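Residue numbers (full-length UniProt numbering), protein chains in the order written: chain D, 1 to 255; chain C, 1 to 255; chain A, 1 to 255; chain Y, 1 to 255.
Hints are computed from structural coordinates only; laboratory data are not their basis.
Among the clues, some could well be false.
Derived Cβ-Cβ restraints for the label pairs, each shown as a range [unchecked claim]:
(1) Gln28(Y) <-> Pro239(C): 32 to 40 Å
(2) Asp144(Y) <-> Lys123(C): 24 to 32 Å
(3) Arg102(C) <-> Asp25(Y): 47 to 55 Å
(4) Gln104(D) <-> Leu234(A): 24 to 32 Å
Quick caveat: nothing in here was measured; it's all calculated off a predicted structure.
Glycine residues also receive a C-beta, built at the ideal position from the N, C-alpha and C atoms.
Protein chains: 4
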Amino acid sequence: MKDTLHIGGIELENRLFTGTGKFADHNQMKEAIEKSNSQVVTVALRRVDLEAAEEDILSYLPKNVILLPNTSGARTAEEAIRIARLARACGMGNWVKIEVIRDQKYLLPDNEETIKATEVLAKEGFIVLPYMSPDLMAAKKLEDAGAAAVMPLGSPIGSNRGIKMKEMIQILINECNVPIIVDAGIGRPSDAALAMEMGASAVLVNTAIACADNPVEMAVAFDLAVKAGRKAYLSGLGPVSTTANASSPLTGFLR
Amino acid sequence: MKDTLHIGGIELENRLFTGTGKFADHNQMKEAIEKSNSQVVTVALRRVDLEAAEEDILSYLPKNVILLPNTSGARTAEEAIRIARLARACGMGNWVKIEVIRDQKYLLPDNEETIKATEVLAKEGFIVLPYMSPDLMAAKKLEDAGAAAVMPLGSPIGSNRGIKMKEMIQILINECNVPIIVDAGIGRPSDAALAMEMGASAVLVNTAIACADNPVEMAVAFDLAVKAGRKAYLSGLGPVSTTANASSPLTGFLR
Amino acid sequence: MKDTLHIGGIELENRLFTGTGKFADHNQMKEAIEKSNSQVVTVALRRVDLEAAEEDILSYLPKNVILLPNTSGARTAEEAIRIARLARACGMGNWVKIEVIRDQKYLLPDNEETIKATEVLAKEGFIVLPYMSPDLMAAKKLEDAGAAAVMPLGSPIGSNRGIKMKEMIQILINECNVPIIVDAGIGRPSDAALAMEMGASAVLVNTAIACADNPVEMAVAFDLAVKAGRKAYLSGLGPVSTTANASSPLTGFLR
Amino acid sequence: MKDTLHIGGIELENRLFTGTGKFADHNQMKEAIEKSNSQVVTVALRRVDLEAAEEDILSYLPKNVILLPNTSGARTAEEAIRIARLARACGMGNWVKIEVIRDQKYLLPDNEETIKATEVLAKEGFIVLPYMSPDLMAAKKLEDAGAAAVMPLGSPIGSNRGIKMKEMIQILINECNVPIIVDAGIGRPSDAALAMEMGASAVLVNTAIACADNPVEMAVAFDLAVKAGRKAYLSGLGPVSTTANASSPLTGFLR
Numbered sequence: 001m002k003d004t005l006h007i008g009g010i011e012l013e014n015r016l017f018t019g020t021g022k023f024a025d026h027n028q029m030k031e032a033i034e035k036s037n038s039q040v041v042t043v044a045l046r047r048v049d050l051e052a053a054e055e056d057i058l059s060y061l062p063k064n065v066i067l068l069p070n071t072s073g074a075r076t077a078e079e080a081i082r083i084a085r086l087a088r089a090c091g092m093g094n095w096v097k098i099e100v101i102r103d104q105k106y107l108l109p110d111n112e113e114t115i116k117a118t119e120v121l122a123k124e125g126f127i128v129l130p131y132m133s134p135d136l137m138a139a140k141k142l143e144d145a146g147a148a149a150v151m152p153l154g155s156p157i158g159s160n161r162g163i164k165m166k167e168m169i170q171i172l173i174n175e176c177n178v179p180i181i182v183d184a185g186i187g188r189p190s191d192a193a194l195a196m197e198m199g200a201s202a203v204l205v206n207t208a209i210a211c212a213d214n215p216v217e218m219a220v221a222f223d224l225a226v227k228a229g230r231k232a233y234l235s236g237l238g239p240v241s242t243t244a245n246a247s248s249p250l251t252g253f254l255r
Numbered sequence: 001m002k003d004t005l006h007i008g009g010i011e012l013e014n015r016l017f018t019g020t021g022k023f024a025d026h027n028q029m030k031e032a033i034e035k036s037n038s039q040v041v042t043v044a045l046r047r048v049d050l051e052a053a054e055e056d057i058l059s060y061l062p063k064n065v066i067l068l069p070n071t072s073g074a075r076t077a078e079e080a081i082r083i084a085r086l087a088r089a090c091g092m093g094n095w096v097k098i099e100v101i102r103d104q105k106y107l108l109p110d111n112e113e114t115i116k117a118t119e120v121l122a123k124e125g126f127i128v129l130p131y132m133s134p135d136l137m138a139a140k141k142l143e144d145a146g147a148a149a150v151m152p153l154g155s156p157i158g159s160n161r162g163i164k165m166k167e168m169i170q171i172l173i174n175e176c177n178v179p180i181i182v183d184a185g186i187g188r189p190s191d192a193a194l195a196m197e198m199g200a201s202a203v204l205v206n207t208a209i210a211c212a213d214n215p216v217e218m219a220v221a222f223d224l225a226v227k228a229g230r231k232a233y234l235s236g237l238g239p240v241s242t243t244a245n246a247s248s249p250l251t252g253f254l255r
Numbered sequence: 001m002k003d004t005l006h007i008g009g010i011e012l013e014n015r016l017f018t019g020t021g022k023f024a025d026h027n028q029m030k031e032a033i034e035k036s037n038s039q040v041v042t043v044a045l046r047r048v049d050l051e052a053a054e055e056d057i058l059s060y061l062p063k064n065v066i067l068l069p070n071t072s073g074a075r076t077a078e079e080a081i082r083i084a085r086l087a088r089a090c091g092m093g094n095w096v097k098i099e100v101i102r103d104q105k106y107l108l109p110d111n112e113e114t115i116k117a118t119e120v121l122a123k124e125g126f127i128v129l130p131y132m133s134p135d136l137m138a139a140k141k142l143e144d145a146g147a148a149a150v151m152p153l154g155s156p157i158g159s160n161r162g163i164k165m166k167e168m169i170q171i172l173i174n175e176c177n178v179p180i181i182v183d184a185g186i187g188r189p190s191d192a193a194l195a196m197e198m199g200a201s202a203v204l205v206n207t208a209i210a211c212a213d214n215p216v217e218m219a220v221a222f223d224l225a226v227k228a229g230r231k232a233y234l235s236g237l238g239p240v241s242t243t244a245n246a247s248s249p250l251t252g253f254l255r
Numbered sequence: 001m002k003d004t005l006h007i008g009g010i011e012l013e014n015r016l017f018t019g020t021g022k023f024a025d026h027n028q029m030k031e032a033i034e035k036s037n038s039q040v041v042t043v044a045l046r047r048v049d050l051e052a053a054e055e056d057i058l059s060y061l062p063k064n065v066i067l068l069p070n071t072s073g074a075r076t077a078e079e080a081i082r083i084a085r086l087a088r089a090c091g092m093g094n095w096v097k098i099e100v101i102r103d104q105k106y107l108l109p110d111n112e113e114t115i116k117a118t119e120v121l122a123k124e125g126f127i128v129l130p131y132m133s134p135d136l137m138a139a140k141k142l143e144d145a146g147a148a149a150v151m152p153l154g155s156p157i158g159s160n161r162g163i164k165m166k167e168m169i170q171i172l173i174n175e176c177n178v179p180i181i182v183d184a185g186i187g188r189p190s191d192a193a194l195a196m197e198m199g200a201s202a203v204l205v206n207t208a209i210a211c212a213d214n215p216v217e218m219a220v221a222f223d224l225a226v227k228a229g230r231k232a233y234l235s236g237l238g239p240v241s242t243t244a245n246a247s248s249p250l251t252g253f254l255r
């Protein structure tokens with residue numbers, strides 16, 4: 001049986017979402033995204049040059065990926081809504097990742113404004129994936145507001161610090177009905193595998209790939225790790241104990 | 001360029017070592033080991049029935065794997081040495097994993113006896129892989145004694161607790177000249193990936209595979225995770241920061 | 001120079017806040033609170049029997065403590081506001097700990113409703129201490145709404161799991177202008193000391209004291225730990241390094 | 001009932017051992033040690049100027065402390081033995097902290113040599129406290145060799161990294177019959193409290209006190225933290241749970 005992720009009427013086979021920021025150049029980005037096997041790629045609308053088609057970042061993305069324009073730069077629900085509508089008007093599809101951020105130091109999102117933007121955009125037919133600060137009640141409200149998935153941060157964007165908010169993310173996974181996609185802070189493939197083992201539906205990784213010494217190979221590493229973590233989740237992890245449990249028989253047969 | 005691990009004159013492409021304990025039956029074990037792509041498999045000599053060839057565990061192992069008989073059951077260097085010699089005499093090859101354990105609760109090894117056994121067996125031409133309690137000075141002595149690799153425990157055998165001895169294992173990886181193979185305690189693919197990201201040369205996983213709900217699929221998961229972690233190590237992990245680093249440009253282009 | 005905490009015009013010398021729930025009986029509670037040296041004690045209005053004065057929980061509290069009625073049981077801002085007003089009308093003073101909780105499994109607060117209640121009650125002259133899910137933007141809004149301090153949870157109420165939300169709580173401590181008081185989840189004195197070392201202004205501990213085998217002695221332990229952590233914070237913790245730094249001279253004087 | 005620690009026929013009331021290295025000057029050291037209430041103070045024999053009595057470090061130590069000369073600088077059991085004998089011959093008493101260290105980067109001890117030195121010195125009537133790399137089998141051998149207590153490291157000396165070897169130290173505490181004194185790496189009072197909560201009999205702290213901005217106040221903080229942790233251990237920590245447990249009644253009495 002195929003294990004697929006359904007979001008917005010689309011059936012995804014790959015659970016690694018990627019981003020387009022921080023790569024050395026467009027060609028490196030293109031190759032890394034291709035090698036990652038990612039099917040959903042987020043891009044800041046700001047980066048899309050709507051006139052200079054030649055150099056447009058979009059032309060470097062694999063043909064079959066789902067574009068996930070994000071509202072990076074938005075400081076309020078209203079601004080996020082405007083960016084989302086503009087992206088759709090420009091032909092970037094109806095998926096949108098809501099980012100409402102005023103904090104410039106940690107880039108932490110404003111859950112309240114995010115909920116408002118989600119509600120409006122979901123009603124307008126967008127497939128809304130909100131970036132959020134992990135908090136169960138906010139996640140439930142995003143769910144109620146029509147979010148197609150909820151994207152809690154593991155730690156601050158681009159920090160590579162790993163899943164520091166693990167406790168709350170596990171609660172979101174346990175209690176929410178929409179897919180949980182861990183976004184931000186994932187710094188290593190082991191972090192991505194851990195998120196998947198916890199039951200996350202997908203992860204979004206950008207900085208850890210783009211800022212590796214070898215982004216293309218790191219993209220492959222994350223693809224493998226996400227698959228490993230997902231497979232482990234589906235295969236039922238064994239029990240954890242305080243003391244040891246012999247793998248090999250201990251009876252001393254020589255005595 | 002191929003990334004291979006050299007131990008005892010053998011060039012290994014796969015860095016996941018597996019074990020034969022705790023599987024529901026021999027067929028399940030056989031399938032899990034095959035799917036893991038493991039090239040080195042440890043087996044307690046006690047399990048090998050030297051007479052009933054038909055049901056012999058060895059007949060269920062893939063033809064091309066390197067057999068790593070372990071001295072499970074040994075309580076002293078002397079006993080470990082006898083088991084190793086017996087294994088070789090029985091045609092099980094010249095690789096041996098030294099386990100000298102008297103503690104029945106946590107199954108923690110005796111480093112001092114392990115060093116003694118290593119010295120004797122290495123001189124006799126064995127390829128010696130000693131299981132040990134992570135301790136830099138003991139690891140250096142094992143190296144001096146002729147160990148082909150050193151196998152520190154992550155946490156007690158079969159506990160699935162993960163790499164609790166991370167601090168010391170990292171020091172071993174930094175300071176030793178022989179390969180470090182993390183053995184015992186690895187409970188999830190993310191643990192295995194982490195060990196590899198830290199620079200371990202390989203990991204040995206048995207319980208976490210054998211005690212999963214679906215051991216065969218879990219074996220695949222570990223294979224992927226080890227590859228992911230190794231690839232990440234080779235690709236150069238990006239820097240970790242306390243504050244955020246924007247992946248997407250933040251200049252509000254709408255304002 | 002005295003190190004005091006100013007909240008609502010009051011100067012507190014002790015930074016351990018306590019609660020009144022889960023004790024075996026009122027006398028045990030009374031003794032534990034006395035021994036804790038706590039100057040602020042939270043009590044659910046529900047517990048206060050406004051008629052049976054004799055058995056009233058309030059009569060067991062030390063005379064000089066500041067009563068911090070909480071709105072336990074409130075599921076909306078409106079309900080929290082009603083409870084707060086009722087408490088004040090009953091002569092319980094003008095401090096109030098806002099708790100707005102609908103989640104019955106993890107008892108996680110609703111930040112959005114909490115902000116609303118804080119705004120209304122602060123305007124009515126209450127000294128408002130809101131219990132919240134750690135989230136920087138919500139904390140800033142509580143600050144703007146007039147909160148006298150902000151009380152982020154370390155982990156779910158009564159879980160004794162410790163400061164699992166450490167990453168975000170540290171950010172709150174760094175970025176907020178009002179005192180941060182870590183509430184919920186503190187399970188051991190070392191957790192309380194850690195919160196204070198991080199720069200928290202105070203901690204609230206209830207379950208870990210009340211559910212200890214010896215609540216009275218555990219109250220003393222928490223008092224000491226909070227003082228230790230605060231003193232460490234003020235004394236400037238030394239630098240952390242990856243390698244060692246000799247405490248004793250290493251030059252071998254015997255050689 | 002008094003809670004005291006018995007080592008070498010001495011009854012100690014205070015469980016914080018301190019050191020004499022790294023202070024700005026002898027007066028600061030003197031004041032910090034006094035304020036710490038420490039009853040056992042370690043000093044490298046190298047520091048003791050046997051001729052210039054005036055400036056001798058020993059003259060700055062409180063009169064009633066037990067001197068714990070350490071063998072800092074020793075690289076073998078033999079050297080440690082010589083230093084210990086010399087210290088005793090100089091009138092420094094019969095307590096000795098064995099340190100056998102060849103690793104200059106992490107200052108990690110050699111357990112095997114340490115066991116040898118312990119055996120010899122214990123037979124000569126010394127009260128031997130060996131510094132060791134946490135390892136159950138080595139600890140049991142130290143016990144058998146006559147150690148009065150065993151001193152596992154939490155993390156490298158002077159690193160302030162905390163109790164990174166927690167897993168193995170807990171096993172030592174559970175399984176050994178002699179007192180376990182956590183030494184090295186303790187960076188904050190919360191680390192010291194944690195060690196005591198785990199059941200350690202004492203802790204030794206030097207760098208974290210001496211390298212604080214205010215060593216004298218930090219010494220007080222550690223004294224309080226050790227007392228807090230010990231008291232918590234004796235008072236029986238409450239149970240830890242995954243979900244919440246209400247401290248306050250949740251029945252909405254307003255509805």
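Results for each hint:
no., hint, result
1, Gln28(Y) <-> Pro239(C): 32 to 40 Å, "37 Å, holds"
2, Asp144(Y) <-> Lys123(C): 24 to 32 Å, "29 Å, holds"
3, Arg102(C) <-> Asp25(Y): 47 to 55 Å, "49 Å, holds"
4, Gln104(D) <-> Leu234(A): 24 to 32 Å, "30 Å, holds"
Checked against the numbered hints given earlier, the structure satisfies every one of them.
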